[in-house]
Structures are given as structure tokens and as C-alpha cells.
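Asks: Residue numbers (our numbering), protein chains in the order written: chain A, 1 to 118; chain B, 1 to 111.
Hints listed in this document are in silico derivations from the structure and should not be mistaken for laboratory results.
Mimicking DSS-like on lysine-lysine, the simulated pairs with C-alpha atoms at most 25 Å apart in a straight line are:
(1) 36/B <-> 41/A
(2) 41/A <-> 98/B
(3) 66/A <-> 98/B
(4) 93/B <-> 55/A
(5) 20/A <-> 98/B
Here's the letter readout for the chains.
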Amino acid sequence: GAVVSQHPSWVICKSGTSVKIECRSLDFQATTMFWYRQFPKQSLMLMATSNEGSKATYEQGVEKDKFLINHASLTLSTLTVTSAHPEDSSFYICSARVVGLAGGGEQYFGPGTRLTVT
Amino acid sequence: GQQVMQIPQYQHVQEGEDFTTYCNSSTTLSNIQWYKQRPGGHPVFLIQLVKSGEVKKQKRLTFQFGEAKKNSSLHITATQTTDVGTYFCAGRKVGGNKLVFGAGTILRVKS
Numbered sequence: 001g002a003v004v005s006q007h008p009s010w011v012i013c014k015s016g017t018s019v020k021i022e023c024r025s026l027d028f029q030a031t032t033m034f035w036y037r038q039f040p041k042q043s044l045m046l047m048a049t050s051n052e053g054s055k056a057t058y059e060q061g062v063e064k065d066k067f068l069i070n071h072a073s074l075t076l077s078t079l080t081v082t083s084a085h086p087e088d089s090s091f092y093i094c095s096a097r098v099v100g101l102a103g104g105g106e107q108y109f110g111p112g113t114r115l116t117v118t
Numbered sequence: 001g002q003q004v005m006q007i008p009q010y011q012h013v014q015e016g017e018d019f020t021t022y023c024n025s026s027t028t029l030s031n032i033q034w035y036k037q038r039p040g041g042h043p044v045f046l047i048q049l050v051k052s053g054e055v056k057k058q059k060r061l062t063f064q065f066g067e068a069k070k071n072s073s074l075h076i077t078a079t080q081t082t083d084v085g086t087y088f089c090a091g092r093k094v095g096g097n098k099l100v101f102g103a104g105t106i107l108r109v110k111s
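The following block holds chain A by itself, in its conformation from the complex (with noise of 0.2 Å):
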């Protein structure tokens, strides 16, 4: 089945700075990834769309300038937290999506980096 990776699985840092985390696609071309953010015990809320050779798509409340997508191949996206902060501890996930024959295409998911800014 598809596999995505996600690196790092978890990273401390101190405030101010920034962290980058990388999601791969290993087995299969993903022309678009998907950003998502959980806290605990909650339910993932999608921070932005991320398109190969284009600029993300960020949902409403998602600061771009603070969350920065780059999807430089088919096969890999990186997330970029500028200026860390407390409150962006958090779950990040990233997932790709397979296009199936009915078009609607599944999405496989990344293990996830657990971020904490200290």
C-alpha cells in the first residue's frame, strides 16, 4: 500500500525559533498533501492544501507567513513553523492522497511529528 513518511517524528525547540518537518511519499507520485493539525484527544483540522509546483492553499485562520508549505516534487512537502511559539505545540500530520478509480481517492497518512516549543 502507499507510504508516506514524515520526519522528524518529534522535536523540542525553544521559543522563537523555527522547525522544519518533511513529508515523503515513498512508494507512489502525490500531487497534493495535505497539512493537518491535532491536539490532544481532539480531531484533525486541516491547516492547508499542498500542490506540487503551485502555492499552498491554506484554510481560514491558518497563517501563511507563520506556516510555511513548500511542495517542491512529487513526492515531497515540507512544513516549515516560523518563530515558534508555546502555543503551536502540537501533532502535525501530514497525508497524501492516492486517486482511486472512482476519483474520490483515499488519503494515507504520515506518523505524525509531535512538536514542542519550550
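Starting from the known structure of chain A, arrange chain B on it as the hints suggest.
Replies: Chain B in isolation, oriented as in the chain A frame:
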């Protein structure tokens, strides 16, 4: 905007009992997907339903998509301790690109 409601929020069952979680969308969906997330893990794709009234089974799991393509359910027969986790439904509206997730149902199974 599009909303996906999921109930119950939490269910604690005795091993061997059945479990059902329900999902309802504010808009007509092109498809609905179900995911399972184990504690500390990431969501894992279970199934996708596309057709109106569709019913799919995976061993003890039965998934249904409503006739109006606005609601769905996941039913687990004779739960086992390995079924514990959070079950999310996620819907994609007609013509849309993104999945909107329900709040999830946390399932705990007591042996």
C-alpha cells in the same frame, strides 16, 4: 462551511459487545472515508464509500453510506480489545478536494 458531525464522542463497551459510530454531514458528499487512530498513533485508512446506500464489510466491521450520501455508520460486531482507538469519519463534498473530519469516537473495550 462543510461540517461533519460524529457521535458518540466516547463509548466504553464490554468485550464481545457491539459498537456503532454515526457520522452526519451538512452537505452531500461525493465519498466518505473511515479511519482508525490508535492511542499515540496516526490515522490509518480503513475504507472509502462512494455509492448511495453502499454497504461494505471488513471482517467484523460493517460500513454504510446513506441513500442521500449525507450520513454514514461504522458498526463493529463482538468487539475485541484490539479494536480500541479513535474512529474518524471524513467526508469530501461533491466537487471538493479536501476531507473534513468528524470529531471522532473514542472506543474503549473492557475485557
